[in-house]
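Q: What follows is each chain in one-letter form.
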Amino acid sequence: MTATRVDGRKNDELRPMQAKVGVIKNADGSAMFQMGRTTAYAAVYGPRDLYPKFKQDPERGILRCEYNMMPFSGHGERVRPGGGRRSKEISMVTTNALMPVINLEDVPNSVIDVFIEFPQTDAGTRCAGITAAAMALADAGVEMKGLVMALSVGILDDQIIVDINGTEDCELEATDVPMAYIPVLDKFSLLQIDGDLTREQLKKILELGRQKCLDIYEVQKNALKQKYAEKVKP
Amino acid sequence: MKTNPAKEHILKFLAKGIRFDGRKLLEYRNIKVETGFTECAEGSAKVTMGDTEILAGVKMGMETPYPDTADQGNLMVNAELRPMANPRFEQGPPGEEAIELARVIDRGIRESKAIDTKKLCVKKGEKAWGVIIDLVPLNAAGNLFDAGALAALVALKNAKFPKLKEDGTIDYTQSTNEKLPIQKEPIEVTVSKIGPYFIVDPTPDEEKLVEARLTVAITKDNKLCAVQKGGCEALSIEEIDTMVGIAQDKAKELRKLI
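Chains as they are written, first to last, in our numbering: chain A, 1 to 234; chain B, 1001 to 1258.
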């Protein structure tokens, strides 16, 4: 069976990626990551003092991520601003995905704010958001054990496919497994499943996802190097 | 009387006709206008003005017309000052800064009759196109009014209707080649006053020292269609007249960019 996908990709083919670091001047660190037609911007502010003061923890800092789709970024109708249950949950799992690489003990009483925004989307937003956020944190000079990157792998017609696009997700109802991977720890910090699959399939998906995440990792590293290479030019 | 060293300092500069970044008093920063940054909106534009970067996206939907304008479509401008764009911006519902920005840009478009809203009506009293322009700065570094108004106008100009199906719902996956019925193209120019001096396109540092500002929306035939006076100080007739004159001159410059 020749497995060609709706957009002509092979089953294990990622969409074209683009990454750029230092895209928002006001922020302490920032990055843009594009995967196909999903574009994520991430801005980091901090570590900065946390207010109200009673929320401060003298033992460790707080990481606070916020995921938001711009009103014109959805397919179909306008996305009403203000967020909802979906963006609350994604903000939370994004925070959890990034936590294992950050030494929050180093920044007591502080908060590191990560704002993630999307001007256009075509599925895989939480993954693109996490990938952008990790680069933005590195750009901000936050001490990290390593980078984090995320990817959605799924199943469509019994075939494992990587980097699900909007049509595969919504119209063809592929099983969707978003994951975030930390190469230096060889561990996953985000895992969700929407749809049905077997235990064996999940294992295969994780193995393939891990391998493909390393391709994203290269894009992240290159983007970071590019910014700082430009800085040291004589 | 309390003195403000920053203000005294800038006044010395302005008296010599220069600003901290080397610009002349009535000179804009570099402006770049790009279209189509998002495929999800029916129309979109990004305006870069110095360090300020602002996105405008146009979404169209099918709505019921308001009872008092049963034969017209609806138009709305909204601004989202997200905390990504400036450490000063906070999460939560729009504050007065975002609301003023959205309403001033809305008035320029609405009062100039930039869009022929009657042509947005599909069935009187029942169905009409609603056009919503959302403005989202990526980096807010001064003069969101002028940059935002320019982005909104360019986004409207390149917007195309999505396909209206026979059952009255919209197929957003198919775009038609039909453009919005645009009949006027309002440009907004904000003239700011610091001491006795007038400047355009203030940086954030300058904005903190602005005593009064006048945002003027101007159409191609040089008519004013909306004005907003901001800032805490009052203005004389002569000052207002001078500021309007500056705005008219500058609007001609900005119009060349679209």
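Please note that the accuracy of each hint is not assured.
[Said to hold, decoys possible] Which chain A residues face chain B? A few, computed with CB under 8 Å, are given here:
| # | residue |
| --- | --- |
| 1 | Pro81 |
| 2 | Gly84 |
| 3 | Phe115 |
| 4 | Pro119 |
| 5 | Thr121 |
| 6 | Cys170 |
| 7 | Gly195 |
| 8 | Asp215 |
| 9 | Tyr217 |
| 10 | Lys221 |
The hints are simulated quantities; they were obtained by calculation from the structure and are not laboratory data. We put the CB at the ideal spot given by N, CA and C, even for glycine.
Q: Does each hint fit the structure? Answer for all of them.
A: Structure-based check of each hint:
Using the Cβ-Cβ criterion of 8 Å, the hint placing Pro81 of chain A at the interface with chain B is satisfied: the shortest such distance is roughly 6 Å. Checking Gly84 of chain A against chain B by beta carbon gives a least distance of about 14 Å; that is not within 8 Å, so the hint is violated. Satisfaction of the interface hint for Phe115 of chain A is found here, the shortest Cβ-Cβ separation to chain B being roughly 4 Å, below the 8 Å cut-off. Nearest Cβ of chain B to the Cβ of Pro119 of chain A: about 5 Å, under the 8 Å cut. The hint holds.
With 8 Å as the threshold, the beta carbon of Thr121 of chain A comes within range of chain B, its nearest partner Cβ sitting at about 6 Å, so the hint holds. Given hint, Cys170 of chain A at the interface with chain B, is violated; its Cβ is 11 Å from that chain's nearest Cβ, farther than 8 Å. The closest approach between the C-beta of Gly195 of chain A and any C-beta of chain B is roughly 23 Å, which is over the 8 Å cut-off, so the hint fails. Below 8 Å, beta-carbon pairs count as interface contacts, and Asp215 of chain A has none with chain B, the closest being about 24 Å; its hint is therefore violated.
The interface hint given for Tyr217 of chain A is broken, as the beta carbon of that residue sits about 24 Å from the closest beta carbon of chain B, more than 8 Å. Evaluation of the Lys221 of chain A hint against chain B yields a violated restraint, the C-beta minimum of about 24 Å exceeding 8 Å.
Of the hints listed earlier, those the structure fails to meet are numbers 2, 6, 7, 8, 9 and 10, in rising order.
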